[in-house]
Amino acid sequence: MNSFRKALKDAKNVLILTGAGVSAESGVPTFRGSGGLWRNYQAQNLATPQAFSANPSLVWEFYHYRRELVLKVEPNQAHKAIAEFEQRMRNHGNIVTILTQNIDGLHQRAGSANVIELHGSLYKTRCTKCKEVVEDRSSPICPALEGKG
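Using our numbering, read the sequence shown as starting at 1256 and increasing by one per residue.
None of these hints come from the bench; they were simulated from the model. Fair warning: there could be bad hints in the mix.
As the list claims (entries may be wrong) - Taking lysine to any residue pairs in the SDA-like style, the calculated list, with each CA pair at most 20 Å apart, reads:
| hint | residue 1 | residue 2 |
| --- | --- | --- |
| 1 | Lys1335 | Asn1346 |
| 2 | Lys1379 | Leu1270 |
| 3 | Lys1335 | Leu1270 |
| 4 | Lys1335 | Leu1313 |
| 5 | Lys1327 | Gly1282 |
| 6 | Lys1384 | Asn1369 |
| 7 | Lys1267 | Lys1379 |
| 8 | Lys1384 | Lys1335 |
| 9 | Lys1264 | Ala1336 |
Claimed, not checked - With beta-carbon atoms standing in for the labels, derived distance ranges:
| hint | residue 1 | residue 2 | range |
| --- | --- | --- | --- |
| 10 | Glu1280 | Ser1312 | 41 to 51 Å |
| 11 | Leu1373 | Lys1267 | 36 to 46 Å |
| 12 | Gln1356 | Ser1308 | 21 to 31 Å |
| 13 | Pro1398 | His1347 | 41 to 51 Å |
The beta-carbon is built from N, C-alpha and C at its ideal position, and this holds for glycine as well.
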């Protein structure tokens, strides 16, 4: 443990990797676990460009459901501890990067500043024609999704 502490103290750049487990404690269902089912669809089958091309309304409803779910939960102690660690390291001139598979934004809501979301964000949409990316945290994201999900 002492060698870890020394390595951490001497580090100028620290990378923290997180995945579904860190948000599960907040009540976010894991993508591939038992919570990966939505209306008898496997979540991993809906989160593809092919699924969007085949049935965009269904995919929009799926992501609306996920946005609504995540907007109701709070960052947990793990998110908060990571954010606090990042701040402490930053105060000493170190760089901490959180690389996450999660798309829920809970790291940012806990206070983390340097987050890379490998699979994108529930709050960013990209136009399929012009490719413009827009961040939008309102819900529903459009009137057609009101009451859906």
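Checked hints:
no., hint, in the structure
1, Lys1335 to Asn1346, "holds, 16 Å"
2, Lys1379 to Leu1270, "violated, 23 Å"
3, Lys1335 to Leu1270, "holds, 16 Å"
4, Lys1335 to Leu1313, "violated, 34 Å"
5, Lys1327 to Gly1282, "holds, 9 Å"
6, Lys1384 to Asn1369, "violated, 29 Å"
7, Lys1267 to Lys1379, "violated, 31 Å"
8, Lys1384 to Lys1335, "violated, 38 Å"
9, Lys1264 to Ala1336, "holds, 17 Å"
10, Glu1280 to Ser1312: 41 to 51 Å, "violated, 32 Å"
11, Leu1373 to Lys1267: 36 to 46 Å, "violated, 23 Å"
12, Gln1356 to Ser1308: 21 to 31 Å, "holds, 24 Å"
13, Pro1398 to His1347: 41 to 51 Å, "holds, 48 Å"
Taken one by one, the earlier hints fail for this structure at numbers 2, 4, 6, 7, 8, 10 and 11, listed in ascending order.
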